[in-house]
Amino acid sequence: MSMLAGLGVLEIADGMTDVGGRMLAELGADVAVVLPETQANRTRRLAWHHGKTIISPDDPDAIRALAAKADVVLDGQREGDRFGLGEVVSDDTIYIRVSPFSTNGPYAGRPATDLTLFALSGLMHVTGDPKRPPLKFPGQQAYALSGIQAATAALLGLQARRRTGKGQRADLSAFQSAVLSNYREALMYEWTGRIGRRHGNLLVRGKSGVRQVWPCKDGYVTWSMIDNPSMMRAVVSVLEEKGAAGELSQIDWDNTLVADTPQETIERWQAIIADFFASHTREELGAWSLKTGWGLSVIYSPQDVRDSEHLKARGLFVEVVDEETGATASVPGPLFHSAVMDAPRRTLSRPVPASGFTGWEG
Amino acid sequence: MGALDGLKIADFSWVGAGPRATKDLADNGATVIKIESRKRLDLGRMSPPFAGNPKDVDGSAFFAQTNTSKQSVTINLSDPRGIEIAKKLVAWADVVVENFGAGFMERIGLGHQALKEIKPNIILASVSVAGRTGPMAGFRGYGNSAAAHSGHAWLTGEAGSPPQMPPLAYGDVVAPMFLTVAILAALEHRARTGEGQHIDVSQIEPMVHVIADLYAQDEVEKTGNDDGDFIVHGVFPALGEDQWIAIAVENDVQAQALKRELGIANLDREAISTATSAHDKFSLFDRLAAAGVPAGPVLDGKNVLENPELAAAGHFVKLDHPVMGASNMPAPPYVLHGTPGKVERAPCLGEHNREVLIDMLGLDANHIETLISEGSLA
Numbered sequence: 008m009s010m011l012a013g014l015g016v017l018e019i020a021d022g023m024t025d026v027g028g029r030m031l032a033e034l035g036a037d038v039a040v041v042l043p044e045t046q047a048n049r050t051r052r053l054a055w056h057h058g059k060t061i062i063s064p065d066d067p068d069a070i071r072a073l074a075a076k077a078d079v080v081l082d083g084q085r086e087g088d089r090f091g092l093g094e095v096v097s098d099d100t101i102y103i104r105v106s107p108f109s110t111n112g113p114y115a116g117r118p119a120t121d122l123t124l125f126a127l128s129g130l131m132h133v134t135g136d137p138k139r140p141p142l143k144f145p146g147q148q149a150y151a152l153s154g155i156q157a158a159t160a161a162l163l164g165l166q167a168r169r170r171t172g173k174g175q176r177a178d179l180s181a182f183q184s185a186v187l188s189n190y191r192e193a194l195m196y197e198w199t200g201r202i203g204r205r206h207g208n209l210l211v212r213g214k215s216g217v218r219q220v221w222p223c224k225d226g227y228v229t230w231s232m233i234d235n236p237s238m239m240r241a242v243v244s245v246l247e248e249k250g251a252a253g254e255l256s257q258i259d260w261d262n263t264l265v266a267d268t269p270q271e272t273i274e275r276w277q278a279i280i281a282d283f284f285a286s287h288t289r290e291e292l293g294a295w296s297l298k299t300g301w302g303l304s305v306i307y308s309p310q311d312v313r314d315s316e317h318l319k320a321r322g323l324f325v326e327v328v329d330e331e332t333g334a335t336a337s338v339p340g341p342l343f344h345s346a347v348m349d350a351p352r353r354t355l356s357r358p359v360p361a362s363g364f365t366g367w368e369g
Numbered sequence: 169m170g171a172l173d174g175l176k177i178a179d180f181s182w183v184g185a186g187p188r189a190t191k192d193l194a195d196n197g198a199t200v201i202k203i204e205s206r207k208r209l210d211l212g213r214m215s216p217p218f219a220g221n222p223k224d225v226d227g228s229a230f231f232a233q234t235n236t237s238k239q240s241v242t243i244n245l246s247d248p249r250g251i252e253i254a255k256k257l258v259a260w261a262d263v264v265v266e267n268f269g270a271g272f273m274e275r276i277g278l279g280h281q282a283l284k285e286i287k288p289n290i291i292l293a294s295v296s297v298a299g300r301t302g303p304m305a306g307f308r309g310y311g312n313s314a315a316a317h318s319g320h321a322w323l324t325g326e327a328g329s330p331p332q333m334p335p336l337a338y339g340d341v342v343a344p345m346f347l348t349v350a351i352l353a354a355l356e357h358r359a360r361t362g363e364g365q366h367i368d369v370s371q372i373e374p375m376v377h378v379i380a381d382l383y384a385q386d387e388v389e390k391t392g393n394d395d396g397d398f399i400v401h402g403v404f405p406a407l408g409e410d411q412w413i414a415i416a417v418e419n420d421v422q423a424q425a426l427k428r429e430l431g432i433a434n435l436d437r438e439a440i441s442t443a444t445s446a447h448d449k450f451s452l453f454d455r456l457a458a459a460g461v462p463a464g465p466v467l468d469g470k471n472v473l474e475n476p477e478l479a480a481a482g483h484f485v486k487l488d489h490p491v492m493g494a495s496n497m498p499a500p501p502y503v504l505h506g507t508p509g510k511v512e513r514a515p516c517l518g519e520h521n522r523e524v525l526i527d528m529l530g531l532d533a534n535h536i537e538t539l540i541s542e543g544s545l546a
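Line by line, the protein sequences give chains A and B. First residue of the first sequence: 8, per the working numbering; consecutive thereafter. First residue of the second sequence: 169, per the working numbering; consecutive thereafter.
Chain A extracted, bound-state conformation (with noise of 0.2 Å):
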């Protein structure tokens, strides 16, 4: 069986719920979906939708009427409540309304979308180069980071329904999710005063900076050169063996201090590596890592994670087929692992009128 087995979850996504009420559908849940009436593209819908089924509104009465039944309601209207669900949902129920900001703050009520919720989170300012704008993450991480917090909540619900007899309701800000995820730049501030800034694929620690990301025979690898005297020692070790080391032979890293070396040294330092790293290839670079312990992770494309034999392995990626339209995609579909999960429906379903919903029932 699944965990969430029989529990009927009314989701009215805007964005906001998408990634939770998928999260919950991906644990068993019975997980009925309205989508906003400008919706979202067929990817989109894909990713995010597959395994709940969808409501199509044909009647707000029958809306509300599942709402009163339902054992959690995920509300992530952006624009107002347009069905009236805070009026009906009973005593029993788990209302989580997700709001893009606090009910009663001064931004209470401002239009709200993935990508300004992002630049309120304090972390786009610190992604991207120092002469460019700044960078949003991939995909829509405001939304997912909601999302999950909203599945969160409403399981936390659950559990205090189990022990009182009685659902509740709860308030969910976005932009705190979003900030939530930003554990360095306030903190930062707070105690030492700095505010952060973009620094590119450059990692800033003390009064230098060492690369990220290097360029090597067939693609990027990530790595660094940071105070970690034995991982120094163990790349230092490999470009010995093939006559590479040049003057990091000469090094004692166990009292040198990498932050606290000057910047044209490092520069000197990083060339030797970057040649390196340069004429070997993706697989060579990530064995050594694995080997003697470099820290150093290949850089996957997309179409790299797909192949990946681990992930294949994990049955990370499912295949997930459109109702309507036949269309196929290849998603994400558990969410960790566990001996006693099932797979869900790996559909995205044709519209049901919520006046002909028959789910829920026993």
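Quick caveat, the hints were computed from the structure, so don't treat them as lab data. Every value quoted in this text rests on a predicted model; they were computed, and no experiment measured them.
From the derived model, a few chain B residues whose C-beta atoms are all more than 10 Å from chain A:
(1) Q239
(2) F272
(3) A282
(4) G328
Below, in silico cross-link-like pairs of lysine-lysine (DSSO-like), each with a Cα-Cα straight-line distance of 27 Å or less:
(5) K249/A with K224/A
(6) K214/A with K470/B
(7) K173/A with K176/B
Even for Gly, the Cβ is constructed at its ideal location relative to N, Cα and C.
Model the placement of chain B on the given structure of chain A, informed by the hints.
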């Protein structure tokens, strides 16, 4: 009252990926006993920024914000007598959480099978870079490994640009959120069936999940800040050095409002940039919001800490700490009105040894004092 009052967690996790999940549980009322050691310090206790002396194990603000509402006991897990005490905590707990390297829990006699023998319905929650199965099981990563292995780094930035690493260990943020969900789902399963289980969360997989919409595309492309579903979707300069505002226009009504507010005829990037660069990012945010246009100033760390919306929402809770003094700690981004929970300060190292081991578990006080003095509980 918290949603998880009465829930008992034996938390062996350290640094970020485990502790952020157990913070979620602790802030919502669970009793979380953090098992740590002076012999093998949680690296989080040595992570900046520090309130004062970097060598003070109780002075890391990084550690404090990651471990709110928990209690700390020190147990030397390389000492068999320490392991025996750890087993007492397992017997007490509903959930055991760990993020050690592969095989460590088994080597010290606390693998899943051993835990089940102590408590048959225990939930063991593990989080690691690549998970506990598959060819990469046991892969030891640092910081941003999950960003590299998931496609995140490759997909960040403008088309044709090299990969861009995130500015923080984002995998250490997303994976613990999945771990929290997994633990709560496993608790529901146990409530229904009486069964515990072993949950295996990989840091790479959640990082793939949160970009599932990109993986659903036939050809995955990097698009910088662009999004083809929007009329306008970008970051534009504002008044001042390195000041920016994000604007996203979803429909014609918003498009007309943006033109009106900026006094421009066309929504091309240059026209918008020229107009926005004359305005303070916050006042422009106010104006565009009032006109119904989604916008957001690009906040820096100072802006976040001083943000009036976050202050009104109680996002940062000011807590007194014996070493750090009054410090801002992040609260959950939700309020459960029936069971709101409470954020409390992070523990000092071993602060609750006697309270937990003697008062709570009822172990012999003389025995515990002996183990403390002989380094088994250190």
